Amino acid sequence: MSALLTIEDLHVRFASPDGAVHAVRGVDLEIRPSETLALVGESGSGKSATALAVMGLLPGSAEVTAHALRLGDQDLLRDGGRRARALRGGRMAMVFQDPLTSLNPHLTIGDQVLEAVEMHTDLSRGAARGRVVELLNEVGVPQAQHRALAWPHQLSGGLRQRALIAMALAGNPSLLIADEPTTALDVTVQAQILELFQRLCSDRGTGLLLITHDLGVVAAAADRVAVMYAGRVVERGGVSELFSDTRHPYTRGLLASIPGDLGDRDRLPQIAGIPPDPLALPAGCPFHPRCAEEIDRCADEEPLLDGRAACWVTRETT
Amino acid sequence: MTAGVVALLGLAGAPVGMLLFARKLTRHGWRVAPFLLRRTGWLLVTTLVVFTVSFLLMRAVPGGPFDDGRKLMPQVRQNLEARFGLDRPVGEQWLAALGGLPTFDFGPSMTLRDFTVREVIGQGLPASALLGLAALAWMLLIGVPIGVTAALKHGHPLDAALSAGASLGMAIPNFVLAGALMWPLVIATGWLPAAGLDGPRALLLPSFCLGAPFAAQVARLVRTGMLEVLGQDWIRTARAKGLSETRVITRHALRGALLPVVTFLGPALAGILTGSLVIEQVFAIPGVGTHFVQSAINRDYTLALGMIMLYTLMVYVLNAIADLLLAALDPRIELT
Amino acid sequence: MSRREMKTSSRAPHRSIAARFLTVVGLLTVLVPGLPLAAPSEVRLEEKLASPSLETLWRDGFEPERIRDPGPVSRLLIETRTAVFGDRQLGPLLGTDALGRCLLSRLAWGARLSLAVGLVASAISLIIGVAWGAVAGYAGGRVDDIMMRAVDVLYALPLMFIVIFVVALLRGFRNEHPELEANQIIVLFAVIGATSWLTMARIVRGQVLSLRGTEFMDAARASGSTDLSILRRHVLPNVTPVVLVTLTLTIPRVMLFEAFLSFLGLGVEAPDVSWGVLARQGFDALTAVHVNAWLILFPGLAFATTLLAMNALGDRLRDALDPRLRGGRQ
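These protein sequence lines are chains A, B and C, in that order.
Going left to right, the first sequence walks through residues 1 to 318 as the working numbering numbers them.
Going left to right, the second sequence walks through residues 1 to 336 as the working numbering numbers them.
Going left to right, the third sequence walks through residues 1 to 330 as the working numbering numbers them.
FYI, nobody ran anything at the bench for these hints, they're computed from the structure.
Since this is a predicted model, take the numbers as computed values, not measurements.
A few of these clues could be false.
[Stated by the list, open to error] To give a feel for the contact side, a few chain C residues facing chain B, derived at Cβ under 8 Å:
id, residue
1, Tyr138
2, Ala259
3, Leu264
4, Trp294
5, Leu307
[Unchecked claim] Derived CB-CB ranges, DEER-like:
id, chain 1, residue 1, chain 2, residue 2, range
6, B, Ala160, A, Ala256, 46 to 56 Å
7, C, Asp145, B, Ala33, 23 to 33 Å
8, A, Leu281, B, Arg23, 40 to 50 Å
9, C, Asp145, B, Arg23, 44 to 54 Å
10, A, Asp300, B, Ala160, 34 to 44 Å
11, C, Asp145, A, Ala256, 52 to 62 Å
Glycine included, each C-beta is placed from N, C-alpha and C at the ideal position.
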């Protein structure tokens, strides 16, 4: 099966008043149809920038380079991102984090979904309206016909997020990118939304790039995982692999800090220190100042992603 | 002639505007009725308060309408006062004047002989209304495009230039602007008339000078609103849908950017009314503005009262309309 | 940007060009009696309507008595000036008006009155508005309701027109009894100040309301502080930024209103001079034959530069305070 999304050596640089920020430093990713890849990391790890680079939604001042950035056989970097714009909302669609601020408060949700439908299909106005109700039904909005006339501020967080997903589905995408789709929602609603994603992907054969910082979400919804730190992928693998055979100290730290069965411990273990300043990355492995297992080599050379993890310690011991 | 133009504009514009407006208002359903009722109630209260205060103020200030320098013989003065009912107790006078309020009948003017207050208003109102509407048109037709352009060219020298121009428009009195423009457009070239309101060309300069400061403010509001909206998440969603940048701006950004302008409409209309007092003098426009100031200075009781009631009514109604407009256009507002 | 960074960075409001310009204007305005200018009311008919020129830079003939009713500080400055310059004065560098009076001098002396009106009237509106809004916002409940309802009612009145009406009435009265030297400049301040406090009250109340939601207010009250001390020590400092920004918008509006009233003949009266009066006189001097542009140009420039500077300063202030404002916005 050929890959749906191919990313090879992606770099994203921003110009900031304090210097150039190298937000994404050589990321390789691949997603296949019907597959859900979770992209995990703290804020500032570059995961959102990666997604925005795929969609071509980065501001004009951002510099995006890659050895390959393809959706199917379409080169997304061609024509200065115009190819990406043409595919946006159609073959590839994105759902954002905060459903309240992501919807236009001055238009009904029906009108906003309608806009997406009219943009990406040839249906007449009447038929398009029907499609809007269909989509809203598909994403689980009750009384879809009635709800389509509602304004965003009149709906709950869960319903808004469903509306956004309906908008994303309007163009029948083969790739769906969801950036922290459940972070702004209640726990019970989270589970429902994740279930919705799973159903849509298996029904439609869509590939899903699920961006999150929450390993619980990863466990519940993903097939494969890539963990990012300081602009690079530091560990990747299948979900069960990652949880049972963790290869990178950072991932280990993340797993340890999930609230769960605390047993004898009375404090939640944390990873010491804070994420590095993108303008002043440490020499060698960017994680080494916070790493409990570091060795001398870690401070000198940055380890490359070799197999499952980018870590000198792991390599030494295997 | 001017009356004819005003009538035409009113007949054409009003029904169309009201239909669109009413359609948008239906989302509030039955709540419109109590809103209107409450506003009308407050209107009556406001009217009564202003009426009484003005009435008493005028009589509290010593001297009267007949003390204008010409020394009248006591007999003549007594006759005049009797004729206007000024020799009766104040309470009675107040009631009598109040009686005329619903029909805007304040009796004859005390200084402009041969004219009733109603006639003076009737003659001057069309011109003033025309001036005000034209100023409003300038405000929107110049202000909005400038604001949008400045926002879209943010960071460019064009943005700085337009913003500076807008700030300048708010920084000088409107008659100074009139003076500055008069020389090239009126005195030097004779292209526009200096005074009066004969013909549409005569309306251009006065209405522009009246509307310019407000256009400047609208430009600033639109620019700020636009910049703020463009930074919002829902614009990112619109782009993610694959919409062209033009579509994103016209269909999504513009709505949010224009809302502050609707909020500004109330104060703007009141300001245009105030500014017209000066502009009417500058360009010798035969409107009601000149009468307002003069009648107060001369203590022409009936005319002054009529004038202040007229302006009170206009400001109040215009503000209420602006509030209704805002309720119609902003889906987040619930009518209270 | 942290507060310390703000004080040293070049984007700090008090270092902007606008701030420096206004400081210079302010200083010069205060020092006007001590500057070697002609007396603003000195009539020289033989020089009427002279256009600006540098021909006569200096001339003699200054008499301190020509300055009307100087206060004690002005008197001191005038004495210093005559001590330094004798009876020399600057010539009509910016031209003269219809009575041959020096425009430069009249602009300088007019600045004193215009800026004074702007500052004092704004101060009045500030005091009333802040007090009203802070009390309403802090007290909450019924008190807040009543106080803000009063503001709503006053807002609905056509205050501008009432003001004009009242001033015109008083002017008419004074015209017929010129012997009554009512200090009408004070009346002007009071009247203008009394009409502009409403917006300030609303803004301050909004700010106080959002402050009430934060925990440190409860903490202060829990520690036993009296309401008055809380108002003084916690509320007012947090309200100051918004008030300052609003002030930079109020002062220009007040100054323009003074010009407006002066045009209608209801504002400052001869022999006192203000920029509004000068603008009116400049406008009257425009004729088809001799343009006399300088008479309206320079007062116009005075308004433009000063008010633009205030607006720019207000923008800078708002930008600098933005992150904090955003936290406090409801």
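Hints, verified against the model:
1. Tyr138: 24 Å, violated
2. Ala259: 4 Å, holds
3. Leu264: Because about 5 Å separates Leu264/C from the closest Cβ in chain B, which is inside the 8 Å limit, the hint holds.
4. Trp294: 12 Å, violated
5. Leu307: OK, holds: Leu307/C within 8 Å of chain B, min 4 Å.
6. Ala160/B <-> Ala256/A: 46 to 56 Å: 54 Å, holds
7. Asp145/C <-> Ala33/B: 23 to 33 Å: 24 Å, holds
8. Leu281/A <-> Arg23/B: 40 to 50 Å: 58 Å Cβ-Cβ, so the 40 to 50 Å window is violated.
9. Asp145/C <-> Arg23/B: 44 to 54 Å: Cβ of Asp145/C to Cβ of Arg23/B: about 35 Å, so the range 44 to 54 Å is violated.
10. Asp300/A <-> Ala160/B: 34 to 44 Å: 50 Å, violated
11. Asp145/C <-> Ala256/A: 52 to 62 Å: Hint holds: Cβ distance 54 Å, inside 52 to 62 Å.
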